[in-house]
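J.: What follows is the residue order along each chain.
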Amino acid sequence: MTTVINIPPSLDDRTFESVLQQLAPLPPDEKVLIDTRHTRWASPYGLTALLVLAQTRAERPALYAPEAEETASYWARAQFFRYAEGLFEMHGSVPRARGAGESDVLLEITPVAKSEDVHEVVGRIQSKAQAILAKELNLDPRATMGFAMTLSEACQNIVEHAGRGGWVAVQTYRWQKRLGRRVVQIAVCDAGIGFRQSLESAQGRRGDRWDDAMALEDAVIRSVSRFRDAGRGQGLAGIRRYVGRWDGKLSIRSGTARIAIVPSWDEDIPLEEQLPPFPGAQVLITIPERTAAR
Amino acid sequence: MINHIDLGTVLRRTVCDLYSDLVTRPTGAAVRTGIEQQLADAQERTLTVIDFTHVGLLDYSCADEIVAKLLVSYCEPAGERGSAARLVAPRDCYFLFKGVSDSHLDAIDAVLQRRGLALVAQTDDGMPLLIGTVDDRERRAWEAVTRLGRALPADIAGEVGLEEPQAEVLLNGLSRRRLIMRFDESYVAVGTGP
Numbered sequence: 002m003t004t005v006i007n008i009p010p011s012l013d014d015r016t017f018e019s020v021l022q023q024l025a026p027l028p029p030d031e032k033v034l035i036d037t038r039h040t041r042w043a044s045p046y047g048l049t050a051l052l053v054l055a056q057t058r059a060e061r062p063a064l065y066a067p068e069a070e071e072t073a074s075y076w077a078r079a080q081f082f083r084y085a086e087g088l089f090e091m092h093g094s095v096p097r098a099r100g101a102g103e104s105d106v107l108l109e110i111t112p113v114a115k116s117e118d119v120h121e122v123v124g125r126i127q128s129k130a131q132a133i134l135a136k137e138l139n140l141d142p143r144a145t146m147g148f149a150m151t152l153s154e155a156c157q158n159i160v161e162h163a164g165r166g167g168w169v170a171v172q173t174y175r176w177q178k179r180l181g182r183r184v185v186q187i188a189v190c191d192a193g194i195g196f197r198q199s200l201e202s203a204q205g206r207r208g209d210r211w212d213d214a215m216a217l218e219d220a221v222i223r224s225v226s227r228f229r230d231a232g233r234g235q236g237l238a239g240i241r242r243y244v245g246r247w248d249g250k251l252s253i254r255s256g257t258a259r260i261a262i263v264p265s266w267d268e269d270i271p272l273e274e275q276l277p278p279f280p281g282a283q284v285l286i287t288i289p290e291r292t293a294a295r
Numbered sequence: 022m023i024n025h026i027d028l029g030t031v032l033r034r035t036v037c038d039l040y041s042d043l044v045t046r047p048t049g050a051a052v053r054t055g056i057e058q059q060l061a062d063a064q065e066r067t068l069t070v071i072d073f074t075h076v077g078l079l080d081y082s083c084a085d086e087i088v089a090k091l092l093v094s095y096c097e098p099a100g101e102r103g104s105a106a107r108l109v110a111p112r113d114c115y116f117l118f119k120g121v122s123d124s125h126l127d128a129i130d131a132v133l134q135r136r137g138l139a140l141v142a143q144t145d146d147g148m149p150l151l152i153g154t155v156d157d158r159e160r161r162a163w164e165a166v167t168r169l170g171r172a173l174p175a176d177i178a179g180e181v182g183l184e185e186p187q188a189e190v191l192l193n194g195l196s197r198r199r200l201i202m203r204f205d206e207s208y209v210a211v212g213t214g215p
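Sequences listed follow chains A and B, in order. In case it helps, the working numbering puts the first sequence at residues 2 to 295. In case it helps, the working numbering puts the second sequence at residues 22 to 215.
Calculated directly from the structure, the hints in this document are not laboratory data. Among these hints, one or two may not hold up.
[Claimed, not checked] Each pair of labels, with its calculated beta carbon distance range:
1) 211/A with 171/B: 55 to 61 angstroms
2) 31/A with 75/B: 18 to 24 angstroms
3) 142/A with 148/B: 38 to 44 angstroms
4) 263/A with 66/B: 51 to 57 angstroms
5) 5/A with 54/B: 49 to 55 angstroms
6) 70/A with 134/B: 37 to 43 angstroms
7) 202/A with 171/B: 50 to 56 angstroms
Backbone N, C-alpha and C define an ideal beta-carbon position, used for all residues, glycine too.
Excised from the complex, chain B in its bound form (with noise of 0.2 angstroms):
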């Protein structure tokens, strides 16, 4: 199931119709929350893509409400893997945010790096884009993964220099981070589709 949430619409429903900058950590937090409502009716697993195409301005603040929180929700941050009790994602979500101008990046990026968090993003020719806290192995792991389309432990492990064992480990990590999908015995990136 795809979500899509644009947040210009999810701010002037949640805050005030007039406003186009999502500022101030308050807007932020009714920003999340809009979201959050319309991510409680998801049964099932669930890709949300967060368009920021309409947004003006986004502050530090507002970014660590909306992006860094709403992350923090549902996925594993680094330094944490392989702690399943600090995994609390209530459903099976996956996030992908589009729209994503270069001064917005600059303070998702911040607020990433603050709480060791990454995501998704997806580039105006619609390549994913992974942003935030993630170590050389996890990015060359998630990028060949990105490359295959679907991929398994086997395909990725030369990839990253590591045994099949390992890179299981490293793929399941990515997984809990909500960078990629895990279906049966495969990988999916998030932003390529199963």
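With the rest of the complex left out, here is chain A (with noise of 0.2 angstroms):
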């Protein structure tokens, strides 16, 4: 038997919850269809946590392509199908990809499984972001060096800690219903152990209340590493420091909770809690446009 998981026009990282929920009382071994025809648009988050979605059944899932041809032509720049061949059963039509690094996208979709691949990545958007922050973003050019510090960073986690490989991808577009603004999004999405576990491989469990959320609030807030040297969990501090700058979101999503650092323009909820359960850990950074009166 095949379930269909219906995926909404609109695909971001709030609306990805409804995947899960659909999802979770479905087996791991059983045969899902991922139906995308009807999806319009995707974010970095969506693209990069349906092919998480794709490593995490046991049964090798079949995906649906979008039906409207600018959709499928973006997924394609994007390199989603690149990979999604690799890991769903393919149905609909699926344009050809192009190479990578010909796209108006800022970073496509790239695999991250070794320390060599963040090299990869943070050479590979240097050049993209300088123009494109300054630009179309008006940020301080002190910002792009910081930007590919934080990509850097956020990728680490997956080489570090989630014992299996994951993606990264990054775009700006026009955030017009929620903001008015254009914003830079970084997605980096495993389907690795995730905090909670990664966190009890060195200290145990810590009391009944230790749970996904205690283990976020650990890494996030505190700085909690699963490694005792001091010098440890500065990568997620940093990210903190440079989303704090220019006025971004953090947002993590890692087993059944989320934790997200707020901006004052957004109203996201700090933590979430006994959400549907997905493995690994999603992380996503959002930073927007300044405008002239910041």
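Two independent chains are provided; combine them into the complex using the hints.
T.: Right under this line is the structure:
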């Protein structure tokens, strides 16, 4: 039996929760068909999370490609189909992918599994980021290097903690409804062991209240790491500093919880618990365009 | 003896000849090992200039692996002053960091603060700059030594509002942190030369 999972018309970090709600009652070995036919738009988070979803299924899932030509074309430029074809049984019309680096995407979906991948990601982002962050988002030129540092540290969470490879993507777009400004988003998603299990690996369970939410609080708020070395835990702390400096937003979902560092322009919930379970960690960093008044 | 270590060269020699960014812990560990191998040959007091001029990006993880762990091996961190047992320097090594951009400085300062360390960097105009964890009295003493070129405890006592014996303790602490060098009874700031 195959269960159809309907992907919403607009797929981002919020609407992806509806996908996980559909998956929650299903055993991992149940065949699923991910139906994106009616999807018209997807954020970097949405696309990378779909790849992670496939990694979490014991039975190879099927994916129906978007029917809208423009949407499918963008997904191809973002290199989604390039990696989806290795994880899903593909159905529908799949546009031929162009080579990475030839598109308008700031950083196409890129696999991250080892240190060398982080070097490649950082090298590729710097040339495009300089122009886009300064010209399109009016960010101070100093923001560019910090942006690449943030991207590097976010990707290293996969290399250092996930236990299996993940995906990164970066894109700018206009957030008309939520903000009325352009934003740049970094999405780093993996299907690894997640924050709770990573911290447990060094410190064990810490009482009855120890859960995904507490693990996220420890890692993100208190900069706790599974490594005892005093110099560890600086990556997320650095990301927080960067996000704070540029009025951005950081949210991390892991297991059944999601934590967010929420700027004044957003109304997100700082800590959500008892979400539908999803393995690994999904990091989303949003930096908004700076307006003249800021 | 003065060593000059170009981090860009060490990076390309030890990790990959295509890289110019210092990112990730494995990269940082490899570069630090390369530096330590060069320092291992030193038999006497050395000042090693760590040159960031040809480094693109430096992230926090790499800054911790290279800068902080190098200093931990040779210097005494803040808060452990006077604890001779903590001093693990195998040789009399001092460091001066040059070619440090604002973005490098962000990462370096963050990792120094995290571990209670400090270092001397050289600005583009050649002036020494003290960064990291130092208290107000240490900073004033270091600035006075830097300004005077060579100083005795009696010279510094008035600058920081201490008696001469306490000034000597303060200067010895800065010396153990490898922020100034002691020559007999006098002290010279790293980066200003004896």
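J.: Enumerate the violated hints, using their earlier numbering and listing them in ascending order.
T.: 2, 3 and 6
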